[in-house]
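Engineer: Protein sequence lines correspond, in order, to chains A and B. Using my numbering, the letters of the first sequence map in sequence onto residues 203 to 391. Using my numbering, the letters of the second sequence map in sequence onto residues 332 to 470.
A couple of the hints might just be wrong.
As the list claims (entries may be wrong) - The list that follows gives simulated cross-link-like pairs (lysine to any residue, SDA-like), each with its CA atoms no further than 20 Å apart:
| id | chain 1 | residue 1 | chain 2 | residue 2 |
| --- | --- | --- | --- | --- |
| 1 | B | Lys422 | A | Met368 |
| 2 | B | Lys391 | B | Arg339 |
| 3 | B | Lys422 | B | Ala397 |
| 4 | B | Lys391 | A | Ala272 |
| 5 | B | Lys422 | B | Phe412 |
| 6 | B | Lys422 | A | His334 |
| 7 | B | Lys343 | B | Phe412 |
| 8 | B | Lys422 | A | Tyr348 |
| 9 | B | Lys422 | A | Asp352 |
| 10 | B | Lys343 | A | Ile265 |
| 11 | B | Lys343 | B | Lys422 |
Stated by the list, open to error - Simulated coverage check for chain A against chain B, where a stretch passes if three residues somewhere in it have a Cβ under 8 Å from a Cβ of chain B:
| id | region |
| --- | --- |
| 12 | 209–223 |
| 13 | 257–268 |
| 14 | 315–324 |
| 15 | 357–368 |
Hints were generated in silico from the structure; no laboratory data involved. We treat Cβ as the ideally placed atom computed from N, Cα and C, and that holds for glycine.
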Amino acid sequence: MELAINAVLLTLLVAISLGIIRQRSLFGVVLLAGAYSFLIASILIVLDAVDVAMTEAAVGAGISTVVLLATLHLTGSMEYPKPRPAVLPLFVCAVTGVALIWGTWDLPGFGVAVAPIHQATVPEYLRVAEAHLIAPNVVTAVLADYRGYDTMGETTVVFTAGIGVMLLLRGRRKVGADAGLDAKPGAKT
Amino acid sequence: MKQDVILRVGVKTVFPFILMFALYVHFHGDYGPGGGFQAGVIIAAGIILYALVFGSAAAKRVAPVAVVERLVPAGVLIYVFGGIPGLFAGKRFLDYTVYAQDPLHGHEWGVFIVEGGVIVTVAATMIAIFYAFGDRARG
């Protein structure tokens, strides 16, 4: 049953990826990317990573779709036709792809119990969390306790990213308005 | 989309449940999947949904720009100050066991406060980015 679900989801993922590559209208690309995020969220649920699935559904499918649509409103929504056949980039992509697939041969098989991650780190966290009588959700224990400094850093990263976006988007517009240059960006395309 | 009755009524009905679910994800993070980050993005997605249907002016009455922008750094401060009581009790920074007599209970409080900082920063940042894009697109 799980195999069938995975097969359907992954086939749809490949189909959507091909659709994104073929699509010239960026509006369609954004919508397909939203569908892609929902599919990834479904796959993460199959993998029992519900918290990551929630994040993917809310951020990937929800917020970034809206933000990308707002961006399209600013920049225009048609991709430029490709100028010439791109042989060299295709070659580079193919070689990189083959190298990555070649690299996966050395990885432990999917869900194998003897994989290094199930041998060293995870049992240690599970053991220590039980010894410290910490709440049942060990993910929360790892995030807030054993890696509490990391989570503080991550919060600071989110803060910094938000401040950066706000500075970029709002600061420039004010300067443009003062100089009488408040023309719609990308209007000339 | 302001005129669409189905959307307006639907969003009005669903909106409080989205916020409740976000709080559930936060409060229940010790036991179930999720935590501050997930709760934050769910709140942000709810506000953005509201803004899409009712317009960003209505959303800015629910979540005013000035408040949102102050909450972005406030969350980081909540996180940092959540760790300081541990120092005063002679323990380490971000040691949560000082919040109550029973270490486990105190630990729950500590995680709640710290994750509260995460939820505030994440939700406010997402909403602020959305407002920035929306204002730019209109202006």
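Engineer: What hints, given by number in increasing order, does this structure fail?
Structural biologist: The structure breaks hints 1, 3, 7, 11, 12, 14; every other hint is satisfied.
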